[in-house]
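Heads up: the sequence lines are chains A and B, in that order. In terms of my numbering, the first sequence opens at residue 129 and continues consecutively. In terms of my numbering, the second sequence opens at residue -10 and continues consecutively.
No lab work stands behind these hints, which were simulated from the structure alone. Careful: at least some of the hints might be erroneous.
Simulated crosslink set (DSS-like; lysine-lysine; CA at most 27 Å straight-line) [as the list claims (entries may be wrong)]:
id, chain 1, residue 1, chain 2, residue 2
1, A, K362, B, K494
2, B, K533, A, K364
3, B, K278, A, K370
4, A, K259, A, K194
5, B, K494, A, K159
6, A, K402, A, K370
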Amino acid sequence: MLVRVVSLVLLLGLTTVLVGEDQNPLGGDPKAAKLGEFQFRINCAFCHGLGARGGGRGPDLTRAHKRYTHSDAEMFRVISDGIAGTAMPANGTNGQGVGMTEAEIWQLISYIRSVEVKTSAQPAGNAVHGKELFYGDANCSSCHMVEGKGGRLGPELTAVGGSRTVESIVDSVRNSSRRLAWGLTEATKEFPQEYETVTVVTADGREIKGVALNEDDFSVQIMDMSEGIHLFEKNKLRSFSKSRVSLMPSYDATLLSDQDLQDIVAYLLSVGAK
Amino acid sequence: MREADLIVPRPFFRPAGACRFPVAYPRLAPWAAFLRRFAAVVSDFSSVFRRQISRDTDWYIKRSSFAAMILLASTAHGQVTFNRLVNSSKEPQNWLTYSGDYAGHRFSSLDQINASNAHALVAKWVYQTAATGKFETTPLVVDGVLYATGQDNRAFALDARTGRPIWLYQRQLPSDIRPCCGRVNRGLAILGDKVFLATLDAHIIALDTKTGNVIWDAVAVDYQQGYTFTLAPLVVKNLVIVGVSGGEYGVRGFIDAYEADTGKRVWRFYTVPGPGEAGHGTWEGDSWKVGGAPAWITGVYDPVSNQLFWPTGNPAPSNRGEGRAGDNLYSNALLALDADSGKLNWYFQFTKHDEHDWDATQVPVMIDIGDKHLIAQANRNGFFYVLDRATGKLLSANPYGKITWSDSKDAEGRPVPNSQSAPTAEGRQVCPGALGTTNWMSPSFSSSTGMFYVSAREECDIFSTAPQPYEMGHAYYGSAYFPADGSEPYWGALRAIDPASGQVKWEFRHLSPSWSGALSTAGGLVFTGDAEGNFIALDAASGKALWHFQMGGAVYASPMAFAVDGKEYVAIAAGSSLYAFGLP
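Generate coordinates for the entire structure from the input sequences, incorporating the hints supplied.
Rendered as structure tokens:
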């Protein structure tokens, strides 16, 4: 671990200046954790939820195992710089909250450490069976891809186990439309794929149904049910409608038992933890 | 001195007009020389160029100067005076103040670009700041030169025809400044040979219009207490007026006036009254000391009554009312101040004892309907207010977006909060959300259509509250807010409001809430931008989209218009670039 931190710091010369420390200089200070909670509420809770237990947008940070951050120094860097390619913004740029000072970031890290659940939560399900279901009888992979295998119509799920709460994953399967189009705020929606169901009728009368890949006031990109991509200018369509009823069926307990769902979640968590 | 000035060399600068007046006009040289001497008295950029470029190019400069004189012969030319600011409508080719005029109209009487030809608009030039963060500037244009600010307190002057830089100033900011919401700035003010910049480390500085050199640098307040400036100053007479930011840090807000020549402070109006002052009793205990009420958007000025109308922001902490019982004057209010003394003539408080961060920092708009002299504001709390400009008396308040916090009005007609609006520990859903039905982006009032145009945001939030001790220089919210996930996805719209009735006449719907302001023109157009990067021309009468251009970056700015060489341009910042559009 230490080697990893040292090499990280050496690689990122600029960050070395910013970070300055490999370990939280305020580590273990209960007052720092309390101050960090204020910072968390202002800057982080919007996506990561009150108490850091994760919202529909950001990962549950009470898990000891995090996908992008292990050491305090890595956590400092992620909070300072954000995570490229994700909705995690750099400090002070998310349009919510304020830019934090170095000391405040360390307070924030103290807080996150203070709410971590130390015992590694072993998922109750059977990940091996979950994988069989995912690619087999449950039919998930016809629309969802994990580690390069599967369909494209629905969200790619490799990281979902590491970035969403178990509750939100379960909810997304049982009530597939409820969390549809939980739009990110504009500052973080560089690529606002929201999986709303879109139906268009082209000028020559063809009806195309699929999910919205991207959209603005004047154009829309759609992936149809057979994964074909269509790019339209809205004013050239005969009709255009959006629905917040997901193309994904809601899997109730008769379609997918609680045990099978738990197994699938265990599979996603095992992949997401890599 | 903390900062060092950086003036970039200009190896790429090609004198404007060089190809316009080639060697075919040598016999005009004596005239050119005469005109150049005259121009040197009023506003001679050529002298600057001459210092910097070689003798070979000097010849072209003479032509350039002559060309400039011809160009400007028919316009008001020379340095910007207070008289020119008062009469800005007489020179529509220029954009002399943040809102384009003292009344806050953000209206251009240029009509070369109009509803019949807007479909043909093209990008004429793009200037890139190459900086990250929100780019919120409204440029000024004076006689062919564009002055604007960028992220991190840079300022620059461009040839308004080409977008080519004349100078760049970059302030060296300390590392521990405390901007709440990005290292942003919204623009400059101009008077004489100076442009004025209010900085993130709470200085007011005057820059030379010709070089960008610092002429004076005044410290307004200690930034380490959480004070910043983000607004464009307003020049009135010989005063540079600014309002401070810092409502998220428990500052005590103020509005200041500085002598334009020297930077000496002439007056300060504290937006939170101290002991013994009227309004002090609206604060519990010592809460006034950290009461917030910043004043971070540029106000407007009425030359007839010599009054400033300046709006203020939230009381601190923004989302917790416990500990600051009372109305918390003069937070979330419109202040009528005597421009010479800063003395308060009247105030109107839109949101009393605010717990939702609903700053009233939206540009107020002076509107005259018949013999009624009004001032209107589309407020962040979701109501469109119309006041009597002479007295501050409320005449009407109508919602222009979804609101859930009020369902009744008091005896004055002011909307009052209902029992379901105050934040709770576990959180309570209220519309509008914390960012409001609108925010700091400018509205526009068209004297052609008589309509008030505003960028509206439809979003609700869950407001929670929690006790938080005040610590100097640290964020002081007492709360958090979250998206209300059960509701519809956020969306936005550009809305046209009839100020006489307060009714929304039409809207152009945006996919998501926009941070773009609006510009209306005598060409029957309203320009605005969206969060997905489109710049859009709408028919001012119907709201129909006539043209759009994808700029590749979200808009956090308000558009403006100008003309050079008889050609109209419309400009807006998006992403990290400043765009100018015109007809082919």
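Against the structure, the hints:
1. A/K362 x B/K494: 24 Å, holds
2. B/K533 x A/K364: Given that 27 Å is the threshold and the Cα spacing comes to 15 Å, the pair holds.
3. B/K278 x A/K370: The hint is violated at about 51 Å.
4. A/K259 x A/K194: At roughly 22 Å apart (the allowed maximum being 27 Å), A/K194 and A/K259 satisfy the hint.
5. B/K494 x A/K159: 54 Å, violated
6. A/K402 x A/K370: Measuring from Cα to Cα gives roughly 36 Å; hence the hint is violated.
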